[in-house]
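Protein chains in written order, with my numbering: chain A, -10 to 257; chain V, 894 to 1217.
Hints listed in this document are in silico derivations from the structure and should not be mistaken for laboratory results.
Where hints are given, some of them may not hold.
What the hints assert, rightly or not - Output of the computed footprint for chain A on chain V, the stretches with three or more beta carbons under 8 Å from beta carbons of chain A:
hint	segment
1	953 to 965
2	970 to 976
3	985 to 993
Ideal Cβ positions, reconstructed from N, Cα and C, are used throughout, including at glycine.
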Amino acid sequence: MTVGTRSRLTLRTLALSYLFVLVLVPLGMILYRTFEHGLVAFWESITTPAAISAISMSLTIVAIVVPLNVCFGVVTALALARGRFPGRGIVQAIVDLPFAISPVIVGVSLLLLWGVNGWFGGLADAGFQVIFSLPGMVLATLFVTLPFVVREVEPVLHEIGDEQEQAAATLGASRWQTFWRITLPAIRWGLAYGIVLTVARALGEFGAVTVVAGGVPGQSQTLTLLVHSRYIDDQNTFGAYAAATTLMGLALVTLLLMTVLNRKREAA
Amino acid sequence: MITVTGASKRYGDFAALDDVSIEIPDGSLTALLGPSGSGKSTLLRVIAGLETPDSGSVVISGEDVTDIPPQRRNIGFVFQHYAAFKHMTVRDNVAFGMTIRRRPKAQIEARVDELLGIVGLAGFQKRYPSQLSGGQRQRMALARALAVEPRVLLLDEPFGALDAKVREELRAWLRRLHDEVHVTTVLVTHDQEEAMDVSDNIAVLNEGRVEQIGTPLDLYERPANDFVMSFLGPVARLRGRLVRPHDLKVTREPGADSVPATVGRVAHLGFEVRVELDAEGQEPVSAQTTREEAQRLGLRTGERVYLRTDQPPQLSLAESGALG
Chain A
-10 MTVGTRSRLT
0 LRTLALSYLF
10 VLVLVPLGMI
20 LYRTFEHGLV
30 AFWESITTPA
40 AISAISMSLT
50 IVAIVVPLNV
60 CFGVVTALAL
70 ARGRFPGRGI
80 VQAIVDLPFA
90 ISPVIVGVSL
100 LLLWGVNGWF
110 GGLADAGFQV
120 IFSLPGMVLA
130 TLFVTLPFVV
140 REVEPVLHEI
150 GDEQEQAAAT
160 LGASRWQTFW
170 RITLPAIRWG
180 LAYGIVLTVA
190 RALGEFGAVT
200 VVAGGVPGQS
210 QTLTLLVHSR
220 YIDDQNTFGA
230 YAAATTLMGL
240 ALVTLLLMTV
250 LNRKREAA
Chain V
894 MITVTGASKR
904 YGDFAALDDV
914 SIEIPDGSLT
924 ALLGPSGSGK
934 STLLRVIAGL
944 ETPDSGSVVI
954 SGEDVTDIPP
964 QRRNIGFVFQ
974 HYAAFKHMTV
984 RDNVAFGMTI
994 RRRPKAQIEA
1004 RVDELLGIVG
1014 LAGFQKRYPS
1024 QLSGGQRQRM
1034 ALARALAVEP
1044 RVLLLDEPFG
1054 ALDAKVREEL
1064 RAWLRRLHDE
1074 VHVTTVLVTH
1084 DQEEAMDVSD
1094 NIAVLNEGRV
1104 EQIGTPLDLY
1114 ERPANDFVMS
1124 FLGPVARLRG
1134 RLVRPHDLKV
1144 TREPGADSVP
1154 ATVGRVAHLG
1164 FEVRVELDAE
1174 GQEPVSAQTT
1184 REEAQRLGLR
1194 TGERVYLRTD
1204 QPPQLSLAES
1214 GALG
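Next comes chain A alone, as it looks inside the complex (with noise of 0.2 Å):
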């Protein structure tokens, strides 16, 4: 089908458009709202020991979530595009759950399970704390993010197939040697790009977390459980703003990341 030279314009100005005031509008306000009074203000905004708490709160989740998703989900990755087991199209299926559910319906199962009254509430008397403190958001974030690695690792280990795997075999690598110096290279660009994903849902992931955070300030709160406490507890629209430009600036370099992982990976 060709577009004619004014459709064409005519399109891109719509589609321009709704871009700019669905997506540039909103942020741009946050931004001009934070940086009013100055960036001194910003920065001792985000400098309070709450702010400190929350930026050290998500990046920690991010640096235990991360490292667990991409174990996990290389190895699911692998069982899914290479083994022949019963049950497969089950696990696909798992997989895509977290997809799926909302994620407030995550928060609460968790609470269920570790609660005071859950099956595992026990754990708390014992001095090992889930609910309202980091483990409780860890397991939230993780179940998440969960299929970020998988559903991006799985493709590519179709589409490269396991010849290159079997030659390696030919040629005396054992499957340690195959994984490290074939597999792994092989799929790398897919992998990054899937941790990507993995670190900006975790960093912006509510609904799940906020359940069983408590949302303590300085202790169970991530930067995101942050702005929307200011905003609505505390009424402190700055210190809102202000906690939202930093998670948009995280935000902003994970971005950055993935455009150029995402030409890599289109590359390699």
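Given chain A, work out where chain V should sit, using these hints.
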């Protein structure tokens, strides 16, 4: 010597290999020839250890390797689609097997350079597979397989993904390489011309069984059955018997054993001429004659002629026995 004894392999209801036994002599180049689904690739992968047979044994150079994984069989394997390590340079691809074996660096360098010279890729060390043509990639894969000095070289439709001209060049090149390196080589192909061109021996496979093993000439002259005969070259059926088109004689006069026929299309193919004929009460056949003969007969479409075979089809099994 590679000896496969009683190898069977089933995938569900499908018998990929059905009690196959074959001996491949040291230093020979043997082709496994058959249509797709005949089990030729499965047999090669069983020899390599990439597939485990349901029953039967594989012995390479006197060592029973049936339960030994491919890593420790000391074989070289070349895949139809090259299986190049895309993220490695040509040098690292060829060096892979030696790197795994922790050979000294200087020795690896020297061997890589030597092999790249042999396969005609000298100076390509720093390139990546994506910068090579299909033929070059396959030659790199061959160098990679040869680098570990394998006891046997196994080639799975190595030229199948290349265009006709490159395929023919590489075929001739492989034959010369084999005459230099003398490594026992097994080549899987579905192309009878390729098999007859390069190999010392051909094993014809069909439906998971070996139909016949012999030299290319043996198989062509003394096919064990109709399948081998029709797979190794064009055939025509006259009075229910298979004959080669060049053994069909077209005459103007009726003879003792001749069959009347009507001339269909006459195709001039350079030196040879193909005459399509409708024989009465028979399937249409193609006869192959020389240009001179065709000129002498002056055949035209619609004319009535007579067909006979010059010699009876040779289906004697006596002289076309198995190898070894």
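| Violating hint indices (sorted, rising) | Every hint satisfied by this model.
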